[in-house]
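K.L.:
What follows is each chain in one-letter form.
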Amino acid sequence: MLFAALALVFYRLCPARYRAVVLLLLSYIFYCTWSLEAAVWLAGVTLLTFFGARLAANPESLEGEPSKHGKWLFLILAVLLAGYLFFFKLAAIAAVPGVGRIALPLGLSYYTFKLISYVLDCHWGKIEPETRIVSFASYVAFFPQLMGGPIQRAESYLPQLPPVRLAVAEGLPRIVWGLFKKIAVADQLGLTVNYVYANMRSLHGAQLLAGFLLFPLQLYADFSGLTDIAIGLGLLLGIRGPENFNRPFTASTITEFWRRWHMTLTGWLGDYVFTPLRMATRNAGTASVVFSITVNTVAIGLWHGFTWGYLVFGLVHSAYLVTEALTWKVRARFFRKNPNLDGWGSRLGAVMVFFLAMIAFVFFRAVHVSDAAWGLVHVWDGLGSVSTDLGVLIRAVSLRPLVIGLIGFACIEIGERFRPDIWMRKLYATWPGWAQEMFGATTMTLLVAAVYLLLLSNPGPDRPFIYEAF
Amino acid sequence: MKADRREEVILKLTEIFRDVLDHPDLVLTDDLTADQVDGWDSLSHINLLVAIERAFKIKFATREVTSLKNAGALIDLVVAKTEGAH
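Chains as they are written, first to last, in the numbering used here: chain A, 1 to 470; chain B, 471 to 556.
The hints are simulated quantities; they were obtained by calculation from the structure and are not laboratory data.
Wrong hints could be hidden among the right ones.
Stated by the list, open to error - Cut-off 27 Å, straight-line C-alpha distance, at most; resulting in silico cross-link-like pairs (BS3-like, lysine-lysine):
1) K126/A / K551/B
2) K126/A / K529/B
3) K539/B / K529/B
4) K426/A / K337/A
5) K527/B / K126/A
6) K529/B / K482/B
7) K551/B / K71/A
8) K539/B / K126/A
9) K539/B / K527/B
10) K529/B / K71/A
11) K329/A / K539/B
12) K482/B / K527/B
13) K527/B / K551/B
14) K551/B / K529/B
15) K539/B / K551/B
16) K482/B / K539/B
17) K529/B / K426/A
18) K539/B / K89/A
19) K89/A / K529/B
20) K482/B / K71/A
21) K482/B / K551/B
Take these sequences, add in the hints, and give me the full structure.
P.N.:
Now the structure itself:
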C-alpha cells in the first residue's frame with residue numbers, strides 16, 4: 001500500500017507522455033521487490049512474445065490475412081507460452097531434477113494468460129501486433145493486475161496508453177470498497193472457515209455446514225475485494241480494467257453463475273479454449289458439447305493449480321454445466337408455458353445454485369479430496385443437536401467476527417444491488433475537476449479511517465488474499 | 471439488388487435463430503447481441519453457426535466467429551460467404 005501511495009504521487013506529477021514508461025518502471029520495481037529472478041523470467045517471456053509476434057506478422061497482414069507461415073509462428077508462440085505456464089505449475093508441486101522445487105512466480109497465471117490471448121488475437125487477425133515495446137511490456141507487467149487479475153485483453157489496455165485522465169474520484173472509493181470487503185468481511189468470516197476446514201474430522205454436521213456455507217461468502221468478499229483494489233488502482237493510474245464479478249449469488253443457473261463469477265477468466269477460456277474446441281468438433285453433436293464443457297471447466301479448476309481438489313472442482317462444475325446444457329430447451333419451454341412460475345423458478349434457482357456452488361467449493365478449499373468427501377457425507381450428522389453443535393463452534397471461533405462478517409456481507413449485497421457510487425458519480429459529475437478530487441480524497445480518508453479502526457479492533461496475523469496464490 | 475439479398479439472408483437467419491434458440495417471436499436486427507436474448511450463450515452460439523453452415527452450405531473459420539460483435543456482423547459474414555453462389 002505504501003508503494004502504491006508513493007508511486008501515485010510520482011505518477012501524478014509526471015507528464016502524460018512519459019506515463020507508459022513510468023508505469024513499466026513502477027511495475028518492475030514492484031515485481032523485483034518480490035523476486036529479482038522472477039522479474040527476469042517475466043521480462044524474458046515478454047520480449048519473446050513481443051518479438052515473436054512482430055516476426056510472425058508480415059506487411060500483408062495490414063491489408064489482408066497473415067501468411068500461412070506467420071499463422072504457424074503465432075500458434076508455436078502460443079504453445080511455448082502454455083508450456084512455460086505448465087512448467088512452473090508442475091515445478092511448484094514436483095521437484096525438477098537437479099533444481100528441486102521452484103516457487104510459483106507472482107502473477108504467473110495472470111500474465112501468461114494475457115500473453116496467450118495477445119498471440120491468439122494476432123493469429124486470428126483481431127488485433128495487429130503492438131509496435132511499442134514499452135507499452136506492450138507495461139501491459140504484461142501492469143502491477144495492479146499482477147497479483148489477482150482481472151485478466152485484461154491487449155485490445156482493451158493498449159489503446160488507453162498514454163493514460164491522460166486519472167479517475168481519482170472513482171478509483172479511491174473503489175479501493176476502499178475492496179479493503180472493506182477484505183478486512184470487514186473476508187478476514188472476519190475466514191476465522192470460522194479456517195477453523196472448520198482445519199478441524200474437519202473432529203466436527204459435527206451443523207458445524208461443518210456452517211463452514212461450508214461461509215466459504216463462498218468469504219471467497220467472494222476476498223477475491224472481488226482484491227479485484228476492486230486492482231480496478232481502483234488502475235483508475236488512479238488512468239487505466240480502466242474489466243469487471244470480474246457481477247453479483248454471482250443472484251444467478252439462477254450454474255451457467256449464469258459462471259457469467260458472473262471471475263468473468264475475465266471464464267471469458268478468456270470461452271474465447272480461447274471452449275469456442276475453438278466446440279468449432280473443431282461441432283459436427284459431433286452432444287459428444288462435442290460434453291467434451292468442450294468438460295475441458296473448459298477442468299481448465300478453470302487447474303488454472304488455480306495442479307491439485308486433485310481443483311480437478312474435482314472442475315469436474316463437479318462440468319457435471320452441472322453439461323446437465324444444464326442438455327436440458328435448457330425443456331426448461332425454457334416449461335417456463336414459457338407457465339410464465340407465473342418464472343419468478344419463483346429464478347428464486348429457487350438462485351438458492352440451488354448457491355448450494356451447488358458450495359459443494360464444488362468444498363473440494364476447492366479442503367486440503368485433500370478425501371477430507372472434502374468426508375465432510376460432505378458427514379454434514380447430515382447430529383441433526384438432533386444442531387443448536388448445541390453451533391454453540392460449541394461459536395465458542396471456539398468467537399461470535400463477534402462472525403457477526404461483523406455477516407453484517408458486512410449484507411452491506412456488500414445491498415451496496416452492489418443499489419450502487420450508491422453510480423448516483424454519487426452522477427451527482428458530482430457536474431462539479432469542477434478539483435472539487436471531484438477533493439470529494440474523492442475526503443471520502444477516502446474517512447473510509448480508510450473507518451476500515452483501520454475496524455482493523456485495529458481486530459488484530460490478527462497477516463492474512464493474504466486467497467487469489468494472490470495463483 | 472444487394473439489399474434484396476441481405477433481406478433474403480435475414481429472413482432465412484431469423485428462422486434458424488427462432489428454431490435453435492427456441493424463441494418463436496425473435497426479430498433479428500443488426501444491433502442485436504447475445505446479451506439481449508435468453509439462451510443465446512457461447513454454447514447455443516455454436517449450435518446457431520452449425521445450423522447456418524448447413525442451411526447456407528458454407529463453412530466458418532474460428533477466427534471469423536470469435537470477432538463477431540452483433541447479429542449485423544453475422545448477417546454480413548453470411549452475405550459475404552454466399553456471394554459466389556448468386
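K.L.:
Indicate, hint by hint, whether the structure satisfies it.
P.N.:
Each hint tested on the structure:
| no. | hint | in the structure |
| --- | --- | --- |
| 1 | K126/A / K551/B | holds, 19 Å |
| 2 | K126/A / K529/B | holds, 19 Å |
| 3 | K539/B / K529/B | holds, 19 Å |
| 4 | K426/A / K337/A | violated, 41 Å |
| 5 | K527/B / K126/A | holds, 25 Å |
| 6 | K529/B / K482/B | holds, 17 Å |
| 7 | K551/B / K71/A | holds, 22 Å |
| 8 | K539/B / K126/A | holds, 12 Å |
| 9 | K539/B / K527/B | holds, 23 Å |
| 10 | K529/B / K71/A | holds, 19 Å |
| 11 | K329/A / K539/B | holds, 25 Å |
| 12 | K482/B / K527/B | holds, 13 Å |
| 13 | K527/B / K551/B | holds, 10 Å |
| 14 | K551/B / K529/B | holds, 8 Å |
| 15 | K539/B / K551/B | holds, 17 Å |
| 16 | K482/B / K539/B | holds, 20 Å |
| 17 | K529/B / K426/A | violated, 47 Å |
| 18 | K539/B / K89/A | violated, 35 Å |
| 19 | K89/A / K529/B | violated, 38 Å |
| 20 | K482/B / K71/A | violated, 34 Å |
| 21 | K482/B / K551/B | holds, 15 Å |
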